[in-house]
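Peer 1: Here is how the chains run, residue by residue.
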Amino acid sequence: MSDNTLFDLRPLLTQGIDPLQTVVERARAVGAGGALVLLAPFNPLPLRRVLAQMGFSSTALRQGDGEWRISLLRDGQGRVEGEPTTEDCPGPTDLGAPVQRQADGLHIDVRGLEAPQPMVAILRLCASLSGDAAVIVHHDRDPVYLYPELAEIGWTADPLPGTPGEVRLLLRRGMT
Amino acid sequence: MFRDFLAGATGRLLPASVPFRFFGAAVIFHLLGWATLVFAADDLPGFLGGPGLVLAALHMMTLGVAAMTAMGAAFQLLPVATKRPLRSVGACKLAFWLFLPGLLLLLWGMAEDHTSAMDAGGSLAVSGLLLFALLVADNLRQVKDMRVVTEHVWVALASLVLLVVLGLVLVADFSLGFLEDHQGVALAHAVIAAYGFMGMMALGFSYILVPMFTLAPQPDGRLGRRSAWLAAAALLLSLAGLVHGIAPLLWLAGLAGLGAVGLHLWTMARIMKGRMKKALGDSFRLIRLAWVMLPLSLIVGLAAASGLAVDRSGPLFGFLLVFGWLLSMLTGVLQRILPFLGSMVSVRPGIKPVLMSKLIAPGALRAHMVCHFAALALVATGIVGAQGLVVRLGAVVGLAGALAFAGFAANLWYKLSRHMNPRPQPAENT
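If you read the sequences in order, they're chains L and R. For reference, each letter of the first sequence is one residue, going 1 to 176 in my numbering. For reference, each letter of the second sequence is one residue, going 1001 to 1430 in my numbering.
Please keep in mind that the hints were generated in silico from the structure rather than gathered at the bench. Being a predicted model, the structure only gives us computed values, none of them experimental. Any given hint might turn out to be false.
[To be verified] Capping the alpha-carbon separation at 16 Å, the derived lysine to aspartate or glutamate pairs in EDC-like fashion look like this: (1) R:Lys1277 <-> L:Glu166; (2) R:Lys1083 <-> R:Asp1145; (3) R:Lys1083 <-> L:Asp142; (4) R:Lys1352 <-> L:Glu25; (5) R:Lys1273 <-> R:Asp1311; (6) R:Lys1144 <-> L:Asp158; (7) R:Lys1083 <-> L:Glu166; (8) R:Lys1083 <-> R:Asp1138; (9) R:Lys1144 <-> L:Glu152; (10) R:Lys1083 <-> L:Glu152; (11) R:Lys1352 <-> L:Glu152; (12) R:Lys1083 <-> L:Asp158; (13) R:Lys1358 <-> L:Glu152.
[To be verified] Counterexamples of contact, computed for chain L against chain R with all Cβ distances above 12 Å: (14) Thr5; (15) Asp18; (16) Pro19; (17) Gly31; (18) Leu39; (19) Ala121; (20) Asp142.
Glycine included, every Cβ here is placed at the ideal spot set by N, Cα and C.
Can you make the complete structure from the sequences, with help from the hints?
Peer 2: Dropping the structure here:
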């Protein structure tokens, strides 16, 4: 495997640089049937979804604490294997976005999804929940079209601090 | 809370006045279109083209309702979907102010058979449409994702350029008479306009709007993209077939069109099957009607192309295409988009957003839907039976439906204005 096919994202991330643009530029140079391997401190699902739209299928392998190896193949299929499932979480299992239960609520990560899937996934999750559930949304843009629909089903949105380039929202039912 | 957070978000939205001016104009042209058809009823059975009230009524629906709605929806939806702002809000407004007076002049020229008015109005309207096309193309130029939507819109924009060229040729031919087959070119213009420009816009935006309205998982985009390519092939074949008068090409175009529509409807059926919202209301009754009318218009068009009772199948084809497919689809979509936009723009610091459900007038929308279904049935029957009186009755019912629809829009505007500008509470003890 030549050096060009291996790209370690960790130095960039350590410097606080978003590696998305650099990776996309490298990926553009990969021809049909070509491969690319990324090393990252976490499983970069949003990045993998962006690359999937460029025709890359990817698998993620955890090699140790803080070390993930992402193997990408430009096969035109754009499969993102090993997406976190919504098992152990309430709501539909076919949201198309990973949902994880954490101490502060259900986290749904819709970054990298094409419109209108972020909005649809969030609303489908909210509509399936009962009681005083809280949903934390990880988004890559301000979802302006989501708010009228949220208001209609009695939910509100508050901004939370997020990582650079992320819009993070706390959604709650019945708060005014 | 919403009001605190959205105070910033509203600044990044296209000003509400931009899409609302297009949608408001569409609502008014909807009224004018049916009203004109009331007066043109006797001429509709057997209509095969040429200036007059029928031509004006058709263009009120295609340019006045369909193009206005497509422009408003594209300006509103694309920047959010593509994550890229439009290059200039002023240019969006200019497109409207070129298109509206141009269209009014063009319609008057068509109704009165006034060639100079058609020339001038057509040129102005075309300027507005081309400015719209440039803005949308500029926005889409660097978009790599959402290919199912963008490929439909690219075909729509290419169709727009074609229909503009054909339209200008037709208008020039009214005074110069250089075309050997004016009717063939007029039909090509109509097909490229209704199936190509407005139809491809409607089909493409359906891949965003239908999952959004129904809360359904995203369908496989590959089928939708194949549908777009097949539709593009059908449009090119129909253009060649109509301009050169080659019937086998028209048959091929019809079959390719039916294939494209089949793939689109199959994808829509998959979306509907997987939807979370079960009760979709009257808007989706209209959208479902449009999904029936689209392939039906193609089948009737094929019958007309094969020479089967052309004096009846020809006008019926045009009616099903414009009033059946486009008008049903667009009024169904407008029923959902107008309250949605109203709620979205109602967010102001210190004011709670108005709920979409508070902006809907269910009685008016039900009346519109019932009248629309009845009007389609009556006018189609009148065309087939060559009965001007039945067509007129259908047009009157359609006009009643359009009035109900205008009532819904006026009610929405009134409630939104009241919400945005609440009356000051009288001070106590005064």
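Peer 1: Tell me, which hint numbers fail for this structure?
Peer 2: 1, 4, 5, 6, 9, 10, 12, 19 and 20
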